[in-house]
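Chemist: Based on these hints, arrange chain B on the given structure of chain A.
From first to last, the protein sequence lines are chains A and B.
Take the first sequence: its position 155, counting from 1, is numbered 155 in this note's numbering, and each next residue is one higher.
Take the second sequence: its position 251, counting from 1, is numbered 423 in this note's numbering, and each next residue is one higher.
One or more of the hints may lead you astray.
Stated by the list, open to error - Calculated lysine to aspartate or glutamate pairs in the EDC-like style (CA-CA distance at most 20 Å, straight line):
1) Lys3(A) with Glu396(B)
2) Lys134(A) with Asp397(B)
3) Lys134(A) with Glu396(B)
4) Lys604(B) with Glu88(A)
5) Lys562(B) with Asp9(A)
6) Lys159(A) with Asp228(B)
7) Lys89(A) with Glu663(B)
8) Lys462(B) with Glu418(B)
9) Lys11(A) with Asp397(B)
10) Lys138(A) with Asp559(B)
Simulated from the structure, these hints should not be mistaken for laboratory data.
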Amino acid sequence: MNKLVKALDRKIVLRASLVDMVLGGFIFALNLFLATIGTSKFIEEGYGNKYGVSPRTFPRAIFIAACVLSVMMIIRGFAEFRKKKETEKTVQFHLISLAIFLDMVLFVFTLIPLGYPVANFIMMTIMYWLSGGKKWWKCILVAVLFTAASWLFFRTSLKIQLPVGILSGILK
Amino acid sequence: MGAFQNLIEGFSFSFGWYNYMMAAFGTVLGIIIGALPGLTATTGVSIFLPLTFYMDPIPSFGFLLGIYCGGTYGGSITAILINTPGTPSAAATAIEGYEMSKKGKALKALEMALYASFVGGIISCVSLIFISPLLAAFASKFGNPEYFVLGLFGISIVASLAAGNMIKGLIAACFGLTLSFIGLDHINAAQRLTFGSTAMQAGITTIPALIALFACGELLLQGEDIYQKVDLEIQAVKGEHLKFKEFIHYWWQMIVSSLIGCFIGAVPGTGGGIAAFTAYNFAQKASKHKEEFGKGTIEGIAASEAGNNGVTGATLIPLLTLGIPGDAVTAVLLGALMIQGLTPGPGLFRGEYAKTIFGIFALLIVCNIFMLLFGKIGLPLFAKVTDIPKEILQPIVLALCCVGTYAASKRIYELRVMLVIAAVAYFMKKLKMPTAPALLALILGETVEAYLRRGLIAKRGSLIKMFSGRPIAITIFAITVVMLIFSAVGEIRGTKHADD
Numbered sequence: 001m002n003k004l005v006k007a008l009d010r011k012i013v014l015r016a017s018l019v020d021m022v023l024g025g026f027i028f029a030l031n032l033f034l035a036t037i038g039t040s041k042f043i044e045e046g047y048g049n050k051y052g053v054s055p056r057t058f059p060r061a062i063f064i065a066a067c068v069l070s071v072m073m074i075i076r077g078f079a080e081f082r083k084k085k086e087t088e089k090t091v092q093f094h095l096i097s098l099a100i101f102l103d104m105v106l107f108v109f110t111l112i113p114l115g116y117p118v119a120n121f122i123m124m125t126i127m128y129w130l131s132g133g134k135k136w137w138k139c140i141l142v143a144v145l146f147t148a149a150s151w152l153f154f155r156t157s158l159k160i161q162l163p164v165g166i167l168s169g170i171l172k
Numbered sequence: 173m174g175a176f177q178n179l180i181e182g183f184s185f186s187f188g189w190y191n192y193m194m195a196a197f198g199t200v201l202g203i204i205i206g207a208l209p210g211l212t213a214t215t216g217v218s219i220f221l222p223l224t225f226y227m228d229p230i231p232s233f234g235f236l237l238g239i240y241c242g243g244t245y246g247g248s249i250t251a252i253l254i255n256t257p258g259t260p261s262a263a264a265t266a267i268e269g270y271e272m273s274k275k276g277k278a279l280k281a282l283e284m285a286l287y288a289s290f291v292g293g294i295i296s297c298v299s300l301i302f303i304s305p306l307l308a309a310f311a312s313k314f315g316n317p318e319y320f321v322l323g324l325f326g327i328s329i330v331a332s333l334a335a336g337n338m339i340k341g342l343i344a345a346c347f348g349l350t351l352s353f354i355g356l357d358h359i360n361a362a363q364r365l366t367f368g369s370t371a372m373q374a375g376i377t378t379i380p381a382l383i384a385l386f387a388c389g390e391l392l393l394q395g396e397d398i399y400q401k402v403d404l405e406i407q408a409v410k411g412e413h414l415k416f417k418e419f420i421h422y423w424w425q426m427i428v429s430s431l432i433g434c435f436i437g438a439v440p441g442t443g444g445g446i447a448a449f450t451a452y453n454f455a456q457k458a459s460k461h462k463e464e465f466g467k468g469t470i471e472g473i474a475a476s477e478a479g480n481n482g483v484t485g486a487t488l489i490p491l492l493t494l495g496i497p498g499d500a501v502t503a504v505l506l507g508a509l510m511i512q513g514l515t516p517g518p519g520l521f522r523g524e525y526a527k528t529i530f531g532i533f534a535l536l537i538v539c540n541i542f543m544l545l546f547g548k549i550g551l552p553l554f555a556k557v558t559d560i561p562k563e564i565l566q567p568i569v570l571a572l573c574c575v576g577t578y579a580a581s582k583r584i585y586e587l588r589v590m591l592v593i594a595a596v597a598y599f600m601k602k603l604k605m606p607t608a609p610a611l612l613a614l615i616l617g618e619t620v621e622a623y624l625r626r627g628l629i630a631k632r633g634s635l636i637k638m639f640s641g642r643p644i645a646i647t648i649f650a651i652t653v654v655m656l657i658f659s660a661v662g663e664i665r666g667t668k669h670a671d672d
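So here's chain A without its partners, still in its complex pose (with noise of 0.2 Å):
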């Protein structure tokens, strides 16, 4: 384990009974939102429609099931949140997780503007560390090798240009 993995060694630990309940209150408010004012909203009513039968019939019927079943989540983790503590089960949500989720943002931000193969070494170098690693050499390594040969395969196998950003002028 190195350093920045203990630093991001924090985590948040809730009942299961509690988030299943706080989920089902979320997907029950969004579905009814979704099923009473978004689908006139945000779901146009199209032309030609026949016998009542519109792009919004389908969608109006799932946000309605899921009201349902959205309730049924919450009385099911409301029964359980109501037994002892001892046996309840948990969840926990560690920060390192929302570490590797921002690195993939970030490759997702940096693409166009620094390229494939600057953003891809960048998020490939973070990842290492998260993943546990130690050794300096072995990360680029690791990186230089990957990005280096999944840009050839791209280009070269598939045909397909990934972006070059700021190595333009060499890479073209």
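Modeler: Chain B only, in chain A's frame:
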């Protein structure tokens, strides 16, 4: 045209060094992926699917089916050597395999797993070749109501059985259906849930969704494993080779287990894990040496591996004939079919499409042969794969997910979709909500809705009239309801039992 003639045509159509090379490459990759703890055949197929985007259907499916078959077998390597099943379907193999390894019989266990996987895979291919054209011919009588209820059946059964928590499974399916609504309506081009965004008019495509649901979500989850101190004891590949006499001794066992795998694989919502355990339990009950089970018997490995590989071909039967995937990996393969412009259904077994489909069947047999060859030659090498450090593997998997998603469409929008669904998938996995129903619902959502709307319009908006005089549709609907009730009752009983 007979099944044999179809198969010969399939072989001649798929014959070519490029197709075979892709099948071989896929098989090797699949065994490696299966052997890596935490990576499953489903993850493997999801990660590498974008690379097939620009290929023809035959090499593309040769590659993906190779990953599927190889991955299913590869899971047994870690199961036997470190008591950690590489894939869920190898969990039953771990019971006997690891015990054998501890006794210094790892090589024998690995070889039996390989041969049983091959037998299971081939029997499964044969069942696919014989049964699917018959089912496709029957399905040609289907109309809008039948296809609508079939889609509904597939989604609800996978949702209710996959999770062990029916409500969460069905909510996951609703999430997938909601994703399928986004974009331009396919019947009259009305904008749905696009929120004024031009990019969102294209809707949510399969690739970012499946990569996010099966690979990225898993990656976010596995990142947390670093805090769990697990000391894995890797057993050495040593001991005697499996003798031909020992292999032949269990031939009947392997055939029965393969048939169990075929039957279970053909039922939507099941998969390799259930097949392996059912075959294993059946073998235990039928065995003359019941007391040896759990202590490291080769009979148990033969049963579970023939059972889980017996699923590989059979699970394609409902997928190709009715468009209903049998498990998570076939849900991903359904996406691959759609990408290649092959719409599952009876139409696939007619005309030019039939050549492609039987070519794919032929390649599935080839993949099983490759699995046997590479498994035999490269066994010591594949066993070393279990040793690859996570800090090397995880950056590569992440990079493959991201570059694959981008390369499939060359749009940043797809990467943003992947990010959002990956975050949702992480929470779904945390809350024990299955992701397979979400993907299945996303893929089938559009067609299910189209069949419903067309059926309703044809019957002037009446649901009752739509189903009147359609016994097949009513039967499928009744089966769906009965299975959902059974699933719910089973779950309530299970909860009560746990409380007691």
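Chemist: Indicate, hint by hint, whether the structure satisfies it.
Modeler: To see whether the hints hold, each was checked on the structure:
With a C-alpha separation of about 15 Å, the suggested pairing of Lys3(A) with Glu396(B) holds against the 20 Å cut-off. Of the pairs offered as hints, the one joining Lys134(A) and Asp397(B) holds, with about 17 Å between alpha carbons and a cut-off of 20 Å not exceeded. Between Lys134(A) and Glu396(B), the direct Cα distance comes to roughly 17 Å. Compliance with the 20 Å bound is thereby established for this hinted pair. A distance of roughly 15 Å separates the Cα atoms of Lys604(B) and Glu88(A); the hinted pair therefore holds under the 20 Å criterion.
This hinted pair checks out: Lys562(B) and Asp9(A) have alpha carbons roughly 18 Å apart, not beyond 20 Å. Proximity of Lys159(A) to Asp228(B) is assessed by CA-CA distance (about 14 Å); at most 20 Å being required, the pair is judged to hold. For the proposed pair Lys89(A) and Glu663(B), the alpha carbon gap of about 17 Å is at most 20 Å, so the pair holds. This hinted pair checks out: Lys462(B) and Glu418(B) have alpha carbons roughly 18 Å apart, not beyond 20 Å.
With a CA separation close to 13 Å, the supplied pair Lys11(A) and Asp397(B) stays within the 20 Å bound. Pair hint Lys138(A) plus Asp559(B) holds up; C-alpha atoms about 16 Å apart against a cutoff of 20 Å.
In this structure, none of the earlier numbered hints is contradicted; all agree with it.
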